[in-house]
Amino acid sequence: MSKNAPACTPLRLHVPEPTGRPGQHTDFSYLHVTPAGATRRPPVDTQPAAIGDLAFALVRVLDADGNAVGPWAPQITPERLRFGLRAMLKTRIFDARMLIAQRQKKISFYMQCLGEEAISVAHALALDEGDMCFPTYRQQGLLMAREVPLVELICQLLSNQRDPLKGRQLPVLYSVRKAGFFSISGNLATQVVQAVGWGMAAAIKGDTKIASAWIGDGSTAEADFHTALVFAHVYRAPVIINVVNNQWAISTFQAIAGGEGTTFAARGIGSGIASLRVDGNDFLAVYAASRWAAERARCNLGPTLIEWVTYRAGGHSTSDDPTKYRPADDWKNFPLGDPLERLKQHLINIGAWSEEEHQSVQKELEAEVAAALKEAESYGSLADGHVHSAAEMFEDVYEEMPEHLRRQRQELGV
Amino acid sequence: MSKNAPACTPLRLHVPEPTGRPGQHTDFSYLHVTPAGATRRPPVDTQPAAIGDLAFALVRVLDADGNAVGPWAPQITPERLRFGLRAMLKTRIFDARMLIAQRQKKISFYMQCLGEEAISVAHALALDEGDMCFPTYRQQGLLMAREVPLVELICQLLSNQRDPLKGRQLPVLYSVRKAGFFSISGNLATQVVQAVGWGMAAAIKGDTKIASAWIGDGSTAEADFHTALVFAHVYRAPVIINVVNNQWAISTFQAIAGGEGTTFAARGIGSGIASLRVDGNDFLAVYAASRWAAERARCNLGPTLIEWVTYRAGGHSTSDDPTKYRPADDWKNFPLGDPLERLKQHLINIGAWSEEEHQSVQKELEAEVAAALKEAESYGSLADGHVHSAAEMFEDVYEEMPEHLRRQRQELGV
Amino acid sequence: MSEKYCPPQEPSVPPSRGEKLLGRPGESLQKTTSMTMIQALRSAMDVMLERDDNVVVFGEDVGYFGGVFRCTEGLQKKFGSSRVFDTPISESGIVGVAVGMGAYGLRPVAEIQFADYVYPATDQIVSEAARLRYRSAGEFIAPITLRMPCGGGIYGGQTHSQSPEAYFTHVCGLRTVMPSNPYDAKGLLIASIENNDPVIFLEPKRLYNGPFDGHHDKPVVPWSQHPQGEVPEGYYTVPLEAAAVYRPGNELTVLTYGTMVFVAEAAAMESGIDAEIIDLRSLWPLDLDTIVNSVKKTGRCAVVHEATRSSGFGAELTALVQEHCFYHLEAPIERVAGWDTPYPHAQEWAYFPGPARVAEGFKRAMEK
Amino acid sequence: MSEKYCPPQEPSVPPSRGEKLLGRPGESLQKTTSMTMIQALRSAMDVMLERDDNVVVFGEDVGYFGGVFRCTEGLQKKFGSSRVFDTPISESGIVGVAVGMGAYGLRPVAEIQFADYVYPATDQIVSEAARLRYRSAGEFIAPITLRMPCGGGIYGGQTHSQSPEAYFTHVCGLRTVMPSNPYDAKGLLIASIENNDPVIFLEPKRLYNGPFDGHHDKPVVPWSQHPQGEVPEGYYTVPLEAAAVYRPGNELTVLTYGTMVFVAEAAAMESGIDAEIIDLRSLWPLDLDTIVNSVKKTGRCAVVHEATRSSGFGAELTALVQEHCFYHLEAPIERVAGWDTPYPHAQEWAYFPGPARVAEGFKRAMEK
Ligand SMILES: Cc1ncc(C[n+]2csc(CCOP(=O)(O)OP(=O)(O)O)c2C)c(N)n1
Ligand SMILES: Cc1ncc(C[n+]2csc(CCOP(=O)(O)OP(=O)(O)O)c2C)c(N)n1
Ligand SMILES: [Mg+2]
Ligand SMILES: [Mg+2]
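Protein chains in written order, with our numbering: chain U, 129 to 542; chain W, 129 to 542; chain G, 319 to 686; chain R, 319 to 686.
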C-alpha cells in the first residue's frame, strides 16, 4: 500500500452543541425560517424526486399579522377553525391541570405538549374517521380533537379502578381504539413501522383508511424510523410519517439526533418519499400539509414524511428540569411563536373569534377539566390504592390464561 | 370527525418487480446511465448540502473506447493501474478456482465477486496503510490488492488445521487484521456502525487513520445502515460508507430494498452526508471517488457515502442458482460492462498493457493460485477431517476460559 | 388454549404410512400424502391462505423465489403478490409491519430466513408483539406467526445453526413452538396461524428432509420412510401446549424437542435404556402435566437440547421437574446440550450433542 | 479471570462505616467516603477516565446533563466532550460504535438509559460484541462495558422496571454483573472496564440511593447508614466471577443478587430462618464453588430474583444446584421471582417479590 494521505491535521471528534445553554441566548437562525406563503405547493401526484427542495424549505401560511397567505392557505371553514382553537385550548388547559395534579401527587407522572398543540389537533381534523394514528406520548391533541371523554383519560392518568388500561401503563401511555389512537409504547420509535404495516394491511384489503405515525426528532435516530421509511417506500404504504421536531430530546439538542446542517424532512428524500418541512406552530399550515399528505396516501400515491418544526416549551416530563440544560426563556425567543396565539389572532382577523369569547371558552374548558378531574378522582387513584385488582395483572398476557399463570395467581392468593 | 377523503379508488399494495425475469430481457434504463465525464467534481470541502445532485448522477471516467475523460479522471500512474488490473485478474482467477474447489467438495461453501472486482481493488489503492476496512463477503479484492498470501486465505476456505480462524467461521468470512481487514460477520450490516465507531475512536485519539465500511444494496434495509449514517453524520466520523449496489440480494431485486425511483447514494442526503453515485465497473472512477472520500475523511470533513453501481454476475453463493429468478444472460446486457475488460482496454490505449502481457499474466496468476491451493490442501481440509482440534472450540469465547467451559471441555474429553 | 384448536382426543402420533382417511373435528375425512417437512409447512400456509383472506405470507426471498429453503414455493403464483411477497432485508421491519398488520386484523405469517438473524427484531418481538395485548388491555393484539429455521447439522457455522428458543421462552406473552416432524409441523403451524397470540415457530432445518438421528456419517433417511411423514392434505391442527409421548418407556424420562427427538431415540436404542421420550412440541406455554406424570413414573429425567446449555430452556425444564417431582427423583436431572460456545463450522460434530453424548447423559442419569 | 483484577484476599464485605484506610494490592492506603451507589459508579468512571486515556463514556443524555440518574454528572466538564458525550437515541448505535471503538483499542463505557431499552441493541450485543473474539480467533476484541439501570420499585411501569439478565446469561462470550451496594458497584465497574470481555453491567436502580429491603411503605434508609456505603476514593477492584456471602447462615442457602439481597435479608430476619444469603454479584460466568459449598452445608436452597420467573436466571441456578448438590438437598429448591407478566404500573407491589413473598418461599424450602 502506498501513502495517499494528504497533509492533514490530526483527526478530531465533532460533538454538536446547541447555540444556547443556561444563561445564554439561543441563536435560532439555524432553523432557516422563511416568510409565510413563500414555499410552493406542488400537486399531490408530483413524483417525490421532483420535490426534494420542499424538505429543506418551510411551509407556512399564517404571517406575522395572523393572515393566511400563499399557495398552502387551505380551504377550511371558520367553524372548523374555531373547533380547532377550542381543542388546542382544551389540550393546554388539560395539560396544565394534570401537571398540577402530578405536583399534588395525585398522578404519578405526566407529560405535557405545551407549544406543540397545533400539530396533533390540526392533523386530526385533516384525517378521516377510521384512519389510525400511531402516536407518541405528546399527541394528546389527537384525543382532544377526537373528543375522547376527559374522565376516561384522567382515569388512566390516576391508574384508578376505571383506568381502561387496568393500571398496567404509565400515565399518558393511552390506548383508545375507538378514537383511532393506537396503544402508546414506552419504547421509542417502534410504532412507526407498525403504522406502515397497518397501512400495508389496509392496502392489501382494498380499504380506504390510512395510517398516521408520530415520532420525535430525537427518536428518528432509532433504527425503526429507517425501517419504517424503507417499508413505506417499497410498498407505497398509505401512511403519513410525522416527525415532531421540538428541538429537544430530554436534555439533548436536535443536532445530536442528526439535525445539524440538514433537516429531518430530508430523511425521506433518499427513500424516495415525498417530504415536507412545515411550521408546526401554524395551525393552517399543519392542516394544509396534513390534507395534502392524506390525499396522497388515500389515492395510492404513497407515503409522506412531514417534519413539524416546533418547540418543546415545557419539561420533557414531570421528572425533568429543562433549565439545567437550556436557557430558561428559550420558548419566548422561538421564532415560530405560540400556535394558540397565532390561530387566535387569525380568527379574530377574520371576525370569527374575540378576546371575550376566548375568555369565556377558557373558563368553560377549565371548569370542564376540573369537573372531569373531580369525577375521575371519585373513582380512586394509585395514591389512595383504589386500583385494578392484582388478579387482573395476570390477564391479557395471553388470550387465555395458561396454566403457569393460573398457578402464579393462586400463589399470590388473588 | 368529518369526511375529508377525496374520491379515490380502493387502496392497493404496490410490490416492486424487476424489469426482467427468466426468459425475459431486462430493461436497464432504470439505471439512468449518463456519459463518462458528464458529472461535476466539487472540491472535497464542499458542504454536503450543496452536492445533493451527485447522489442522483453517475460519476464515470472511462468512456466506451476506454479513454479517461472528465473532471474525475484521476492522477494515477500506469504502474498503479497495472497493479490494479493484476489484482482484479487475480481476484477473478481465485474466485473461479475456488468455485471449482467447492464443486469438487474440497470447500464447503464459497462466494465470488465476479463483475465487482474494480470496487474493492481500486478502493484499496486509494486507502492508506493502517486504514481499516469493514467488509462484507464480497470484498476479496481488498485482500488481493493488499497482497495477503493466498495460502492463508485458502486455509480459511478449507477450514483446515492452518485456518487462521481455527475452523470457526464459514469459508470467506475472513479476518485479516494485519491487512486492515475486519472480521466479517455472518449477520448483515452490523459492521457499518462498527466502522463508524472505529473512525470515532481514531478521531478521539487524534489519529490519522480512517475507516471504510461495506454493505450491499439489499442490506441497506437493515437498521444498522441507518444507525451508521446517523452516528457518522453527528460526529463527522472519518469513514467511507460503500454501498455495493449489484442489483440483487439473493433473489430479490434492488427495488425491494428501496431502490425504486431513487438511489442508494441518496440515502446519505437526509443525514447531511456527502454522497456520490459512481460507476462501480469503472476502475478509474472508483479510484477517483475513493480518493475524494478518503481525503474528506482524513481532513476532518466528515463521512462520505458512495453507491457503487455494479452487477452481481454470479450466483449469490454456491448455494444459489440465479437462473431461477433473473434472465440467464443479464450480465451480458448490463450497460456498465465488465470492469476488467474496461481497465484492460484503457491500459492498452495508453500503451501500458497488451493482449500478450494479459495472457501471460493470466497464466502466471492461474499457476500461482493453483500452487497455493495445492499447498493449502496439503494442510488438510474439512472434507478430510484435518481441522483444528475440538479443544480449540472452547477457546476465545472469553479471554480466559471460565470454569464452566473447562468442565465442558473435559466432558467432551478433549 | 382455545378449545377450537385443541380437540381433546387429538392423536399425537399420526397413523402409519400410506394413503389414509383421517377424521378431524369439523372436517370431513381426509386424504393423506407423504410429505417432507418443507412440503408440510408449505401445505399449512397454502391451506390457511385459502381458508382465510386475512392470512398473508412474507419475508426475505419468500415471494417470487419461494424462500431459501423453498417453503413458500409456488404460493405467490397461486395467491398473488399482495398475499405472498418479498420483503427488504430487515428483520425488525418484517416483525414491525407484522405487528401493525395484526393490529389491523390480518394474520401475518412471516419468515425470518435463519433464526440466527432474528436478533435485529428482538425489540419488536419482546417489547411490542408480546406486550401489545397486555398494555392495551386487549384493545389491540398481534396474532402473528414468525417462522424461522433453527439448529445445526448442515455445516452452517455460527450464523446458520443457532437454536435461540431460550430467549423467547423467557418472554411472557409469546408462544414458542418447535415441531419435530411433518405431521406436527403442518398441524402446529395451522394452530399457530389461527392462534391470537404471537407465536415463534422454530423449524429444525436438519429435519426438513428427514428424521436425522445425529449419525451424520450414515445415509440420510427421507420422511417418506417415517410414519410422521404421512400428512393429511387439508386442514387440521395439532394443539398448542400439548406435548407428545414420542416413545413410551419406563426407566428414564427424556424431555426434548426438534432434532433431538430422533437423536434421543437413537441414544435410547443404542444404550438400551428404556427411555420415555417426550417431544415437547410447544415449549412455552408448556404441557407440564405430561412431563410430571412421566417423571413420577420413571423417577429419572434427562433434558436434551441443541442450544447452548447455560441458561438454555433445559434450565427451566430442570427447575420445573425438580420443583414438581423432587420426591420422585432418584438421581440428578441430566442436561445434555450444545456447548457454551458459538456453533463452530469445522468442529460441527464435536459441538452437536450426538447420540453418543446423549447416551452418556442417559447413563449418568441412570447410574447414580 | 485475570489475576490482576482478582486479588485473592479481596474482602467481600468492606469494613464498617467511617473514614478508613484500606490496603489494596498495588495501591497505597486509601481514604474512604460515604457514597450512594450513583456516586460510587460515577467515582469508578472518574477514576478510570483519569487512569486510562482509552476509556470513553457515552450514552443518551450522559454528556452535558450527566444522565437521567446523574451517574455521569460532571464528567464531561472534567474530561471534555470527546471523552464523555451524548449520543443519538439509538441503543443499537451505541453498542455498535462501542464495538468498533473496542476493536480500535478503546475501552468504551456506554450507558443504556434503562435496561428495558436494550432490546434494539440485541443483535450488536449477541451477534457482535459477544462473538467478535471467537470468530476472529482473537484478532479483534470488544472490551466494552454496557451500564444499564434495571429493576422496579420506582413505579416505572413495564418499560422502566425490567430485569433482563437472563437474556444475557444465555449468551456465551458475555459477562453479566449486578452489584448490590456502592462498594461493590465501584469495584465491579472498574473490574468490568478493565476486563477484555464485553460486560453487561446491570444497576438495580432501586438501590441507587439506599439498601431498599422491599418495605416500600417504610422510610427509605440511605447508604450513609450502611457499611457498604463506605467506599474508597481511588482505584480498587472487586473481582468478577466471585460471589459474596452477604449474610452467613446454616439452615438455608439463598442465591440472589441486586435489590433482592436486601429483600432476602429482611425475609430471613422476619421469618427467623437462619439463611445464608449469597450475593452472586457476577451472574455469568458464575462463582459456582461458593454456591455449592453453601448448599452442601445447609441442604436447602432458595433462589430469589425480581425478573419474571420462567426461563429466568433462577432456572439456571436451580439446575446447577440440583446437578451439583442433589444428594445434599433435603427439599426442592424454591424459586421466588417476579410473575410471568409485564411489570404493571399500579400493581407494582403485588408484582414485586417483597419480603413477605420471599419469606413464604423460605418457609416452603424449610418445611418439606
Ligand atoms: C428505546 C428507548 N430508548 C430510550 C428511551 C428513553 N426516552 C424516553 S423519551 C426520550 C426522548 C425522546 O425525544 P424525542 O424523540 O425528541 O421526543 P420528545 O420527547 O421531544 O417529544 C428518551 C431518550 C425510551 N423510552 N425508549
Ligand atoms: C441479518 C441477516 N439477515 C439475513 C441474512 C441472509 N442473507 C445473507 S446474504 C443476503 C443478501 C444480501 O444482499 P446484498 O446486501 O445486496 O449483498 P450481496 O449479496 O448482493 O453482495 C441475505 C438475505 C443474513 N446473513 N443476515
Ligand atoms: Mg424532541
Ligand atoms: Mg446486492
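Treat the hints as calculated values from the structure; they're not laboratory data. Misleading hints may appear alongside valid ones.
Straight-line Cα separation of at most 25 Å, BS3-like style, residue types lysine-lysine; simulated pairs [claimed, not checked]: (1) K234/U with K491/U; (2) K502/W with K234/W; (3) K681/R with K536/R; (4) K536/G with K614/G; (5) K452/U with K396/R; (6) K460/W with K233/W; (7) K395/R with K452/U; (8) K460/U with K234/U; (9) K502/U with K491/U; (10) K536/R with K233/U; (11) K452/W with K233/W; (12) K491/W with K502/W; (13) K536/G with K452/W; (14) K396/G with K349/G; (15) K491/W with K234/W; (16) K681/R with K614/R; (17) K233/W with K395/G; (18) K395/R with K234/U; (19) K452/W with K349/G; (20) K502/U with K234/U; (21) K536/G with K234/W; (22) K615/R with K681/R; (23) K233/U with K460/U; (24) K615/G with K681/G.
Evaluated hints:
1. K234/U with K491/U: Distance ~23 Å between K234/U and K491/U Cα, so the pair holds.
2. K502/W with K234/W: 11 Å, holds
3. K681/R with K536/R: With a Cα-Cα distance of about 24 Å, the restraint between K681/R and K536/R holds, given a limit of 25 Å.
4. K536/G with K614/G: With Cα atoms ~36 Å apart, K536/G and K614/G exceed 25 Å; violated.
5. K452/U with K396/R: Satisfied, since the Cα-Cα distance of roughly 17 Å is no more than 25 Å.
6. K460/W with K233/W: 29 Å, violated
7. K395/R with K452/U: 14 Å, holds
8. K460/U with K234/U: Roughly 30 Å between the alpha carbons, so the hint for K460/U and K234/U is violated.
9. K502/U with K491/U: This hinted pair holds, its Cα atoms lying about 16 Å apart.
10. K536/R with K233/U: 18 Å, holds
11. K452/W with K233/W: 23 Å, holds
12. K491/W with K502/W: Roughly 16 Å separates the two Cα atoms, so the pair holds.
13. K536/G with K452/W: At roughly 32 Å apart (the allowed maximum being 25 Å), K452/W and K536/G break the hint.
14. K396/G with K349/G: 22 Å, holds
15. K491/W with K234/W: 23 Å, holds
16. K681/R with K614/R: 19 Å, holds
17. K233/W with K395/G: The given pair, whose Cα atoms are some 35 Å apart, is violated under the 25 Å limit.
18. K395/R with K234/U: 38 Å, violated
19. K452/W with K349/G: Given that 25 Å is the threshold and the Cα spacing comes to 32 Å, the pair is violated.
20. K502/U with K234/U: 11 Å, holds
21. K536/G with K234/W: Answer holds: K536/G to K234/W is near 20 Å, not above 25 Å.
22. K615/R with K681/R: 18 Å, holds
23. K233/U with K460/U: Violated. K233/U to K460/U sits at ~29 Å, over the 25 Å cutoff.
24. K615/G with K681/G: 18 Å, holds
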